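Sequential numbering of the sequence shown, starting at 204, is according to the working numbering.
The set of hints was computed from the structure by calculation and includes no laboratory data.
Only a predicted model underlies this, so the values are computations on that prediction, with no experimental measurement involved.
All C-beta atoms, glycine included, are put in the ideal place defined by N, C-alpha and C.
Possibly wrong hints are sitting among the right ones.
[To be verified] Calculated cross-link-like contacts (lysine-lysine; reagent style DSSO-like; alpha-carbon spacing at most 30 Å):
| id | residue 1 | residue 2 |
| --- | --- | --- |
| 1 | K758 | K743 |
| 2 | K399 | K459 |
| 3 | K623 | K399 |
| 4 | K747 | K758 |
| 5 | K701 | K743 |
| 6 | K710 | K873 |
| 7 | K261 | K538 |
[As the list claims (entries may be wrong)] What follows is a set of in silico ranges between Cβ atoms, one per label pair, in the way DEER data are often shown:
| id | residue 1 | residue 2 | range |
| --- | --- | --- | --- |
| 8 | E484 | I336 | 22 to 30 Å |
| 9 | A480 | V673 | 28 to 36 Å |
| 10 | W278 | L321 | 54 to 62 Å |
| 11 | V472 | E508 | 39 to 47 Å |
| 12 | I477 | A448 | 16 to 24 Å |
| 13 | K698 | R886 | 54 to 62 Å |
| 14 | E484 | A448 | 45 to 53 Å |
| 15 | M447 | E484 | 24 to 32 Å |
| 16 | Y487 | H318 | 32 to 40 Å |
| 17 | I275 | Y487 | 35 to 43 Å |
| 18 | H539 | A342 | 25 to 33 Å |
| 19 | E728 | T312 | 49 to 57 Å |
| 20 | D243 | K698 | 48 to 56 Å |
| 21 | V673 | L321 | 54 to 62 Å |
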Amino acid sequence: MDAFPPEKLYPYTVSRPIYSNPMFEEDNKRQAREERTLRDRVSRTCGCSGRQALKVVKGVFPVIDWLSRYPIREWLPSDVISGVSTGLVCSLQGPFPVTCLMVGSVVLTLAPDDHFLLPGNGTGMNGTEADGIVVDVEAMEAQRIMVASSMTVLVGLFQVVMGLLQVGFLVRYLSDPLVGGFTTAAAFHVLISQLKIVLSVPTNNHSGCFSILYVRTLIDVFTNIRQTNRADLVAGLLTIVIVMAVKEVNSKFRHKIPIPIPIEVIVTVVAAGISYAIELESRYGASIVHSIPRGFAPAQPPNTELLWNILGSSFSTAVVGYAVAVSVAKVYAAKHDYTIDGNQELIAFGFSNVFCGCFSGFVASTALSRTAVQESTGGKSQVAGIISAVMVMIVILALGNLLEPLQKSVLAAIVIANLKGMFMQVTEVPTLWRQNRADCFIWLATCLASVVLGLDVGLLAGLVFEMGTVVVRTQFPACSTLGNIPGTNIYRNMKDYKNIAEVPGIKIFKCNAPIYFANIDYFKERLRATVGFDSVRVFKKRNKALKKIHKLIKKGKLRATETGEVVSEVSLGVDNKGFESEQDSGRESGQLEDGDWPVPEVEVRVDWALDLPVRVSVPKVQIHSLVLDFSAVSFLDVVAVKSLRLVIKEFLRIGVNVYIAGCDDEIVRKMEALSFFDEEVTRDLLFLSVHDAILFIKLETANGSMQDAMVEGLSLMQDCKEPPPFTEEEDLIETYDNQHRAIHGLSN
Numbered sequence: 204m205d206a207f208p209p210e211k212l213y214p215y216t217v218s219r220p221i222y223s224n225p226m227f228e229e230d231n232k233r234q235a236r237e238e239r240t241l242r243d244r245v246s247r248t249c250g251c252s253g254r255q256a257l258k259v260v261k262g263v264f265p266v267i268d269w270l271s272r273y274p275i276r277e278w279l280p281s282d283v284i285s286g287v288s289t290g291l292v293c294s295l296q297g298p299f300p301v302t303c304l305m306v307g308s309v310v311l312t313l314a315p316d317d318h319f320l321l322p323g324n325g326t327g328m329n330g331t332e333a334d335g336i337v338v339d340v341e342a343m344e345a346q347r348i349m350v351a352s353s354m355t356v357l358v359g360l361f362q363v364v365m366g367l368l369q370v371g372f373l374v375r376y377l378s379d380p381l382v383g384g385f386t387t388a389a390a391f392h393v394l395i396s397q398l399k400i401v402l403s404v405p406t407n408n409h410s411g412c413f414s415i416l417y418v419r420t421l422i423d424v425f426t427n428i429r430q431t432n433r434a435d436l437v438a439g440l441l442t443i444v445i446v447m448a449v450k451e452v453n454s455k456f457r458h459k460i461p462i463p464i465p466i467e468v469i470v471t472v473v474a475a476g477i478s479y480a481i482e483l484e485s486r487y488g489a490s491i492v493h494s495i496p497r498g499f500a501p502a503q504p505p506n507t508e509l510l511w512n513i514l515g516s517s518f519s520t521a522v523v524g525y526a527v528a529v530s531v532a533k534v535y536a537a538k539h540d541y542t543i544d545g546n547q548e549l550i551a552f553g554f555s556n557v558f559c560g561c562f563s564g565f566v567a568s569t570a571l572s573r574t575a576v577q578e579s580t581g582g583k584s585q586v587a588g589i590i591s592a593v594m595v596m597i598v599i600l601a602l603g604n605l606l607e608p609l610q611k612s613v614l615a616a617i618v619i620a621n622l623k624g625m626f627m628q629v630t631e632v633p634t635l636w637r638q639n640r641a642d643c644f645i646w647l648a649t650c651l652a653s654v655v656l657g658l659d660v661g662l663l664a665g666l667v668f669e670m671g672t673v674v675v676r677t678q679f680p681a682c683s684t685l686g687n688i689p690g691t692n693i694y695r696n697m698k699d700y701k702n703i704a705e706v707p708g709i710k711i712f713k714c715n716a717p718i719y720f721a722n723i724d725y726f727k728e729r730l731r732a733t734v735g736f737d738s739v740r741v742f743k744k745r746n747k748a749l750k751k752i753h754k755l756i757k758k759g760k761l762r763a764t765e766t767g768e769v770v771s772e773v774s775l776g777v778d779n780k781g782f783e784s785e786q787d788s789g790r791e792s793g794q795l796e797d798g799d800w801p802v803p804e805v806e807v808r809v810d811w812a813l814d815l816p817v818r819v820s821v822p823k824v825q826i827h828s829l830v831l832d833f834s835a836v837s838f839l840d841v842v843a844v845k846s847l848r849l850v851i852k853e854f855l856r857i858g859v860n861v862y863i864a865g866c867d868d869e870i871v872r873k874m875e876a877l878s879f880f881d882e883e884v885t886r887d888l889l890f891l892s893v894h895d896a897i898l899f900i901k902l903e904t905a906n907g908s909m910q911d912a913m914v915e916g917l918s919l920m921q922d923c924k925e926p927p928p929f930t931e932e933e934d935l936i937e938t939y940d941n942q943h944r945a946i947h948g949l950s951n
C-alpha cells in the first residue's frame, strides 16, 4: 500500500458521546479481573505436567530443541568453516582478557613470588648471585593453578545459583552506553597488560587498586625501556600492522570475499616458523612460548581453604563475565533477529565453569574478537562452537609442540590488534553528547570508574550511576501546559506550536513520568507554576478576608444587598437605619454577647475578581477548571495518591474544579486500591481523554451548572462566630470541610 502524500491532509470525523470513565465503563460493561489467590499461584508455579517438564528440560538443555530442527545442508558447511577458523584462533590466544585480569589479580595476591622463595647457591635460574635466592617455580605454578581452578568452580556455582534464582533479568540494566564504556575500559586494561609483553621489558608484580597497579606497571615499563628486546618489538609492531591492515581488507571487501582471510592463523604459523628457523631465542634473546603441556590435568576438587578468601572476587568475576558475554550476545541477537534467555545463559556458563574448574580449567566467558571471527566466517549455530572446541582439543593433545617457538610478543600484538573495535567505541561519545547527554555521562562515568577502580567495582559503579540518572530523570520529569490545535481534538505543548490556543478559563497540565514519592513535590511545584497561584495561599487569604468582612458586617460598616453582594455603608452615603434599629432592639432585649451585634441571617457573595472592601491582598484566580493529563503516567504510589487527593481538595476549596484525563485502566485500579476516591474526590472527575474533559467543562459552563470560580458565598447566621484560625494542610481539610461545602454548595 502506497504511503499517503505528505502534502495532502485527509480529514476524518468521529461521532461518539463525551465519556467520563464511569460512563465508559458502564456503557462497555467493564468486568473485574479475576485475582488468583496465593495458593493458586503456588500450585500453578510448582505444578508439574509432561509438557511443563519438557519445557524445563529444553530450557536447561536447549540443544534438545534446536538440534532436531537443524538444517544440515544449508548450515553445516558454513558452521564447519567457521568452527575451524575460530578454533585455530582460540588455540593461540588465552581466555578473555577481562576475566584473565580479574583472576590474575587474585592469583598474584594469594600466591605471590615472595611465598615461594628458597635459599640457593646464587646460580639458580630465577635468582641472583647477590642474594642467593631462587623461586620454586614448580610449587608456585601448582599453587596458582589451584587458586585459579578453585575460583573457576566458585564462579560457576555463583552463576548456577543466579540462574536458578532467575536473576538473568539484571542484564536488562546493561544499557548500550554502559556496555560501551565498560568494554572500552576493559580494552585499556588489556592494552596495558600486553604492552610490557610486546616490549619484552622486565616488570615487577604489583597489587592494589587497578589504577595504582597499572600506573606502577607503566612506570616499570618506561623505567626499563632501554632493556626492550628489539626482536620482540619488531615482531610485535609488524604483527599489529599486518593484522589490522588485513582486517580492514576483510571489512572492505566482505561482500566479495567468500571467507575472511584468517590472518591471525597465518601470522601465528609464519611467526612460529621464522622463530624456529632463525632461533630468535638463542640468538636475539626473544621471549617465546616455550613448553605447551599436552593432555588434560587430572580431575581434582577445589581447595576449600581458599574459598572464603576468594568469595567476593569470585562473585564479581561471575557477574562481570556474564555481563560481558550477554552484552556481546545482545549485539548479535539484534543483528540476526533472535532472542537470548539470560537465565539460560547463566546456567550454561555456571555448569561449564564448575566442570572446567575441576579439571584445572579457566573461567569461561566471551571474547569479542573470537565471537566476531565466528560470525564473520559464516557461523550459523552452536555446531560451529562444537567444531572450534574440537580444534582446540586437537591442538592440546597433538599439535601444541609446534607452537612452542612462537614469540609471546606476536600473541600480545594479535590481542592488541583485535582491540581496535573496542577502542573505536570512543567515537560514539560525541554522538551520544548530541543525542542524549545522560547516556553520554553514563558512558564516561562507567569507563572512568572501570579504569580507576577496576572492572568489577567499575561495573557496579556504572550501574549505580545509570540507576541514578533514571531516578533523576523521573524525579524531575518534563511537565508542560497544553493548548488546543483549533478545530481538532489535539492538545500539544503551548511552547512548541504557534497555531495553538489555550482554552479560556481552563489549564491543562501534563506530567510525562510516573508520579511517586521522589517527584511528587516537584510535580506540585510545576503545577503551581502552571496555574499561576498557590491554592493553599489563596485559601488562606480568602479566609482572612472573609473573617474581616464578617467582623465589619457585625459592626455595621458593611452590609449585603438583596443579591448577596457586599457593599460599604459609607460608600452609599446613607445611614443604615434598619440595621441600627435591629441593634437597638438587640440592646433592649439584652441579646448582646461579648460586644457583638446580632446579625440577621443573610447570604454574602464575594466577587474575588474585584477590589475587596477590606485591606487583604487575595491572589487572583483566573481559571475555573484544571485538567490533569495522566496519559503518560505509568504508575502511582501511596505517597503520590495521598498528595494528589490533597491537591485536588485544595483546588476545590477555592472553586477550581479538577479533572483527570487519559488514565490507563491499570492506573485507575491502583487509585481504587489506594483509596484515592472519597465523598469529595469521586470517580466522576476521570475522563477518557483531555478532549472529553474539555467538552464536558464547556457544556457545564454553557448550562450554567458550573459555579463561577471568581465568586464565593458565605452564609452568616445570627449566632455564628469567627472562623477558626488556619492550620496546616492536613488539618485544613478536616477543619474547613463543612464550611467549604456550605460556601460552594457541594453535596455528598
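*Check the following: the C-beta atoms of D243 and K698 are separated by a distance inside 48 to 56 Å.*
holds, 51 Å
> Okay, V673 versus L321 on CB: inside 54 to 62 Å?
Replying inline: Roughly 56 Å apart at Cβ, these two residues keep to the hinted range, so it holds.
Is it true that the C-beta distance of E484 to A448 lies inside 45 to 53 Å, as the hint says? violated, 28 Å
Item to complete: Could you grab the alpha-carbon distance between K623 and K399 and see if it respects the 30 Å cut-off?
Response: holds, 18 Å
Determine whether the Cβ-Cβ distance between I275 and Y487 falls within the hinted range of 35 to 43 Å. violated, 50 Å
Exercise for review: Mind checking the alpha carbons of K261 and K538 for me, to see if they're no more than 30 Å apart?
Suggested key: Given that 30 Å is the threshold and the Cα spacing comes to 24 Å, the pair holds.
Kindly confirm whether 24 to 32 Å is satisfied by the beta carbon distance between M447 and E484. holds, 27 Å
task: Starting from the range 25 to 33 Å, see whether the pair H539 and A342 falls in it by beta-carbon distance.
output: violated, 48 Å
Point to revise | Satisfaction of the hinted span 32 to 40 Å by the C-beta atoms belonging to Y487 and H318 | key: holds, 33 Å
Worksheet item: Regarding the pair K701 and K743, is the alpha-carbon distance no greater than 30 Å?
Response: Outside the cut-off at roughly 37 Å; violated.
Agreement of K747 and K758 with the hint, judged by alpha carbon distance not exceeding 30 Å:
holds, 17 Å
Cβ distance range 16 to 24 Å for I477 and A448, holds or violated: Check passed, 19 Å falls within 16 to 24 Å.
Going down the numbered hints, you'll see the structure goes against 2, 5, 9, 13, 14, 17, 18, while the others check out.
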